[in-house]
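Undergrad: First to last, the sequence lines map onto chains A and B. So for the first sequence, the numbering used here puts the first residue at 1; every next one is plus one. So for the second sequence, the numbering used here puts the first residue at 1; every next one is plus one.
Just so you know, the hints here were simulated from the structure itself, not pulled from any lab data. Note that this is a predicted model, so its numbers are computed, not measured. All residues carry an ideal CB built from backbone N, CA and C; glycine is no exception. Check the hints yourself; a few may be wrong.
Here are a few chain B residues that sit away from chain A, every Cβ distance over 12 angstroms (derived from the structure) [stated by the list, open to error]:
1) Val49
2) Gln103
3) Val123
Calculated cross-link-like contacts (lysine-lysine; reagent style DSS-like; alpha-carbon spacing at most 30 angstroms) [unchecked claim]:
4) A:Lys88 to A:Lys124
5) B:Lys2 to B:Lys65
6) A:Lys124 to B:Lys2
7) A:Lys53 to A:Lys88
8) B:Lys80 to B:Lys53
9) A:Lys6 to A:Lys124
10) B:Lys80 to A:Lys6
11) B:Lys83 to A:Lys124
12) B:Lys100 to A:Lys124
A few chain A residues that don't get close to chain B, going by computed Cβ distances all over 12 angstroms [as the list claims (entries may be wrong)]:
13) Thr24
14) Phe42
15) Ser129
16) Val134
17) Pro136
18) Thr137
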Amino acid sequence: MKNAKKVLTFVLMDAPFESSRTATALRMIDASIRRGFTVNVFAYEGAVLLPFKHQQAHGNLVHGRDVEEEDHPLPREWIHGMIALAKKRGASLHWVNCGLCVDERGAGDAIDGVERGTPADLWKMASESDNTLVVPTA
Amino acid sequence: MKHLNIVSSGYRATIEEQDDTVVWITHCFRNAGGEIDMLLSGAAVNYPVRGQKVAPVTIGGRAQKHGPDVHGQVRELVGKGAKVYAVREDVEERAIDSRKLLQEVELVSRDDLPALLSRYDRVWRW
């Protein structure tokens with residue numbers, strides 16, 4: 001595969017359900033995996049809650065739909081799906097949550113496959129990547 | 001590898017975090033051996049102004065007695081050998097007296113940013 005050895009690192013900062021930047025970034029990560037890139041993600045600050053295990057879908061009275069009909073998207077499900085997709089394709093999605101940011105937010109209960117790390121891990125990942133994209137919060 | 005971090009938003013969550021998180025991570029990179037400098041833009045150009053301090057804040061009966069020292073973070077970064085730049089026009093638009101800035105901070109006009117950025121292998125805008 002042409003891009004099999006390319007490595008991209010993404011840095012995310014926004015908390016879930018707050019910004020369309022996150023959905024755009026996750027779409028880019030998804031596309032990168034599908035194209036065979038090895039992908040690192042460093043979740044900083046509120047972004048450590050993106051893979052939080054206890055996110056729950058809900059119904060919506062305004063929409064007149066129950067939980068099932070609403071089919072509310074959850075970032076943890078997207079991330080779980082992308083980790084599985086990477087494995088299936090022989091690629092890699094290495095998701096690292098900033099440990100201190102996790103502690104501040106009590107966000108330790110992450111889905112399987114999410115690791116805890118430090119800014120030094122980000123520095124190492126970026127140094128070994130072909131490119132890095134920071135998606136900061138406003 | 002020369003790296004430049006651009007701080008684009010000033011005083012972002014500094015009370016909750018007790019620091020500017022981008023300046024903080026810049027320190028982390030520096031401590032990890034990175035050759036890293038910093039460009040302050042927007043409201044962050046106020047960081048190098050000397051004499052600023054944060055009064056204690058009380059919320060819900062809990063007093064936070066020591067506030068974030070963002071100026072000190074920048075000063076310490078300079079002390080570690082990092083170059084710190086600030087966008088000149090952002091300083092002027094805020095009527096900040098440039099004589100009150102840390103003297104090590106270099107003002108760079110917007111027109112000169114492309115030349116500055118081209119000196120770095122990696123530029124991250126936060």
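Undergrad: Sort out which numbered hints this structure fails and list those numbers smallest first.
TA: Going through the list in order, the structure violates hints 3, 5, 10, 12, 14, 15, 16, 17, 18 and respects the others.
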